Amino acid sequence: MNVDEIVNQVTEKIYELEPALLERFGDQGKAKCREDNHHHMKHLQTAYELNETKIFTDYAVWLNGILTRHGMNTKHLIDNFEIIRSLLTEDKSEQAESYRQALSKAIETLKEDDGTEEVENDSY
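Following UniProt numbering, the numbering of the sequence shown begins with 1 at its first residue and continues without gaps.
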C-alpha cells in the first residue's frame, strides 16, 4: 500500500469535488489537506497493527470535535473518509480490509453523532 499515492489521490479528489476550497484556502490549504490525510492513514495503521478499530473511531470523533469548533462540517470529514475507503476497494489485502472496516465504523459513528444517519424504516 502506497500511502503517499493514496493521500495525493484523496487530496485531488477532495479538491475536484469542492473546487471552491482552492480559492478559499489556496495551496497552503491543499498542503494541510495532505497533512491531515497522512494523519488519517497513520491512525488507520495503528488501529490495524493493534487490531482495534476503536482507535480509529475515537480519533475520528476527537478530530471531528476539533474541526467543527473551527467551522468545518462533519460531512467534510465523512466525505474524506469515504474517498479513502473507495480508493482502497481495489486492494484486497488484509490491511486494506482492516482500513475499510475502520473507516466504515468511523463514518457510521460520525453520522450517528451528527444526527445525519439515514433512517431505514421510520414507520410506527
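These are calculated hints, taken from the structure and not from any lab test.
Everything numeric in this text was worked out from a predicted model, so none of it was measured.
Ideal placement from N, C-alpha and C gives every residue a C-beta, glycine not left out.
A couple of the hints might just be wrong.
[Unchecked claim] In the DSBU-like style, the derived pairs of lysine-lysine whose C-alpha atoms are separated by at most 35 Å in a straight line are:
1) K13 x K92
2) K75 x K111
3) K32 x K42
4) K13 x K75
5) K13 x K105
6) K54 x K32
7) K105 x K32
8) K30 x K105
9) K30 x K13
10) K105 x K92
11) K54 x K75
12) K32 x K75
13) K42 x K92
[Unchecked claim] Okay, the calculated beta carbon distance ranges per label pair:
14) G71 x M1: 18 to 24 Å
15) R24 x E94: 36 to 42 Å
16) E82 x D58: 18 to 24 Å
17) T89 x D27: 25 to 31 Å
18) Q101 x M72: 21 to 27 Å
19) D79 x K42: 15 to 21 Å
20) E49 x E12: 16 to 22 Å
21) K30 x E82: 17 to 23 Å
22) L17 x Q95: 22 to 28 Å
23) T46 x P19: 30 to 36 Å
24) D58 x E94: 19 to 25 Å
Going through the hints against the structure:
This hinted pair checks out: K13 and K92 have alpha carbons roughly 22 Å apart, not beyond 35 Å. The suggested pairing of K75 with K111 holds, with an alpha-carbon distance near 8 Å, which does not exceed 35 Å. Proximity of K32 to K42 is assessed by CA-CA distance (about 15 Å); at most 35 Å being required, the pair is judged to hold. Between the alpha carbons of K13 and K75 the distance comes to roughly 15 Å, so the proposed pair stays at or under 35 Å and holds.
Restraint check: the Cα-Cα separation between K13 and K105 comes to about 22 Å, which is no more than 35 Å; the hinted pair holds. With a C-alpha separation of about 25 Å, the suggested pairing of K54 with K32 holds against the 35 Å cut-off. Annotation: proposed proximity of K105 to K32 holds, straight-line Cα distance about 25 Å (limit 35 Å). Taken as a hint, the K30 and K105 pair is honoured in the structure, with Cα atoms around 26 Å apart against an allowance of 35 Å.
For a cut-off of 35 Å, the pair hint linking K30 to K13 stands: about 11 Å separates their Cα positions. Taking the CA atoms of K105 and K92, the gap is near 19 Å; set against the 35 Å cutoff, the hint holds. In summary, the hint linking K54 to K75 is supported, as the alpha carbons are separated by about 20 Å, within the 35 Å threshold. Annotation: proposed proximity of K32 to K75 holds, straight-line Cα distance about 18 Å (limit 35 Å).
Taking the CA atoms of K42 and K92, the gap is near 19 Å; set against the 35 Å cutoff, the hint holds. At roughly 32 Å, the beta carbons of G71 and M1 sit outside the given window of 18 to 24 Å. Range check, R24 to E94: about 39 Å between beta-carbon atoms, so the 36 to 42 Å window is met. A C-beta distance of roughly 19 Å is found between E82 and D58, which places it inside the suggested range of 18 to 24 Å.
Evaluation of the 25 to 31 Å hint for T89 and D27 yields a pass: the beta carbon distance comes to about 29 Å. Range check, Q101 to M72: Cβ separation about 25 Å, and the 21 to 27 Å hint holds. With their beta carbons about 20 Å apart, D79 and K42 fall inside the hinted range of 15 to 21 Å. Take E49 and E12: their Cβ atoms lie about 28 Å apart, and the range 16 to 22 Å is violated.
Between K30 and E82 the C-beta distance comes to about 19 Å, which sits within the given range of 17 to 23 Å. For L17 and Q95, the Cβ-Cβ distance of about 26 Å falls inside the hinted range of 22 to 28 Å, so the restraint holds. Our hint of 30 to 36 Å for T46 and P19 holds, since their Cβ atoms are close to 33 Å apart. In this structure the supplied range 19 to 25 Å holds for D58 paired with E94, their Cβ-Cβ distance being about 22 Å.
Comparing the model with each earlier hint shows violations of hints 14, 20; every other hint is respected.
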